[in-house]
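Throw the hints in and build the complete structure from the sequences for me.
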Amino acid sequence: MFEPSEEILRELKISRETYLENDFFLARLSGLCRWNRLFSLFYFLSMTYAVASAVGFVLAAFSEKDRDQVLENIHFVPLIFNMASQAASYHYTQKEYLQLFRAVDSGFFNYDGDLDIATELEITEVKSVAKNRKKKFGHFYSMLMLVAGLGQILKKPLLYVLRGGGTKPVDGENNLVWEAPYGMYVPYADHWISYLTGMFLGYSACTFVSITAVGSVLSYQYMSEELLAEFKVVEITFSKCLRRAQTMYENRKNVLKANGKTSQITMKDCIIHCMNLSVKHHQHTLRMMNVFKDLMFFPLFMVIFDGALVLCISAYLTISDDVSLNLRITMPSVITAEATLAFIFCYYGEKLTEATEDVGDSIYNSDGWVQHSDIIRPYALIVKSFCNIPNELSAAGFSSVNHNTFGNVRT
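Counting with our numbering, you get residues 227 to 637 for the letters of the sequence shown.
Read the hints as simulated data drawn from the structure, not as lab findings. Here the structure is a predicted model, which means the values were calculated and not measured. There could be a bad hint or two in this list.
[Unchecked claim] Quick list of in silico lysine-lysine cross-link-like pairs, PhoX-like style, CA-CA up to 25 Å:
hint: 1; residue 1: Lys506; residue 2: Lys610
hint: 2; residue 1: Lys357; residue 2: Lys483
hint: 3; residue 1: Lys381; residue 2: Lys239
hint: 4; residue 1: Lys506; residue 2: Lys353
hint: 5; residue 1: Lys394; residue 2: Lys381
hint: 6; residue 1: Lys382; residue 2: Lys291
hint: 7; residue 1: Lys483; residue 2: Lys494
hint: 8; residue 1: Lys458; residue 2: Lys353
hint: 9; residue 1: Lys239; residue 2: Lys394
hint: 10; residue 1: Lys321; residue 2: Lys506
hint: 11; residue 1: Lys239; residue 2: Lys361
hint: 12; residue 1: Lys321; residue 2: Lys519
hint: 13; residue 1: Lys494; residue 2: Lys610
hint: 14; residue 1: Lys321; residue 2: Lys291
hint: 15; residue 1: Lys239; residue 2: Lys519
hint: 16; residue 1: Lys394; residue 2: Lys382
hint: 17; residue 1: Lys458; residue 2: Lys361
hint: 18; residue 1: Lys239; residue 2: Lys506
hint: 19; residue 1: Lys361; residue 2: Lys291
hint: 20; residue 1: Lys361; residue 2: Lys519
hint: 21; residue 1: Lys506; residue 2: Lys577
[As the list claims (entries may be wrong)] Label-pair restraints from in silico Cβ distances:
hint: 22; residue 1: Arg359; residue 2: Asn400; range: 49 to 55 Å
hint: 23; residue 1: Asp416; residue 2: Leu246; range: 24 to 30 Å
hint: 24; residue 1: Pro558; residue 2: Ser354; range: 36 to 42 Å
hint: 25; residue 1: Ser354; residue 2: Arg293; range: 22 to 28 Å
Glycine included, each C-beta is placed from N, C-alpha and C at the ideal position.
In structure tokens:
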């Protein structure tokens, strides 16, 4: 059903396996990966209208002193704006988005057969574990958000049926639509054309918000897992450098001997060759990390600060005695969802920072490096100097994305 055509794969310049494994169909549907101009126009039209109509409803409800409706719908304004802003940011940084997945598609780095069998098996295991985590998390989070999204979309229709009527005797009166997934201000809502158009755009926006929430988290998790796996591979190749060099030395010596030639290669040559390959791999992975940081610079700002804002509002509504029970009873689920979302982003931010630092210690984990310290020491010092500088994701320069940030958001 979601199989891409050859034309789409040529346009994206990725393989079918990468497209399916990283849910590119979902990324395109959620506005993160450009589909076509018509879809982008409809997406941003729906989201812009949703923000404007939600703000209009909040202001109108405030003027009517309907406190519960103001507090209930004020949640949707930052949420919709968050998702729309993330999609706009991904559109702007589309080059970086595709560059990262094209690197994944190409295997990041090619050692040209200079890995021994044991190291290759270890690397295969690391990448297999990362793929399984991506798959399991993708299924779990997609189902979780599907339930949450359907609950929000079907909430008003179900209440309408259970109550035997709407919130107001006439929906759309005074340009306020109460029976949409969220309260909307729709000009000329007392006319059917305006009313139905507003409802259609409202339901479209609510659907897009749910899909974008899934797409943004999964894309972030997929890219993070790929980078974590790649840093782990670099760590492995550094730590197994002497074993790789020994295997290369013996293989090349045997080949020359079989051809009746005198071996001119030395163990030192093999160590330098293996270290050079690992350093190049490390450089390439750091470049991809910088691409990822540029890509997530603004989306992380929206996630962290929007999450903090929504959590503050939700916490106030939960403990306030002035708010109706019907509104307060739904707040724990909102708090849980927002806190979980912030935790996922901060968790992977912390893991990526740790992964970049761990590479610096990997050379010292190589057995027998002391015997060849005259060769390895310069590499170790250079690599360690790069790894001692914290390589952190940033929320638009205002905050690093790590466990401390999650603690600040939570409190």
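Failing hints, ascending? The structure breaks hints 2, 3, 9, 14, 19, 23 and 25; every other hint is satisfied.
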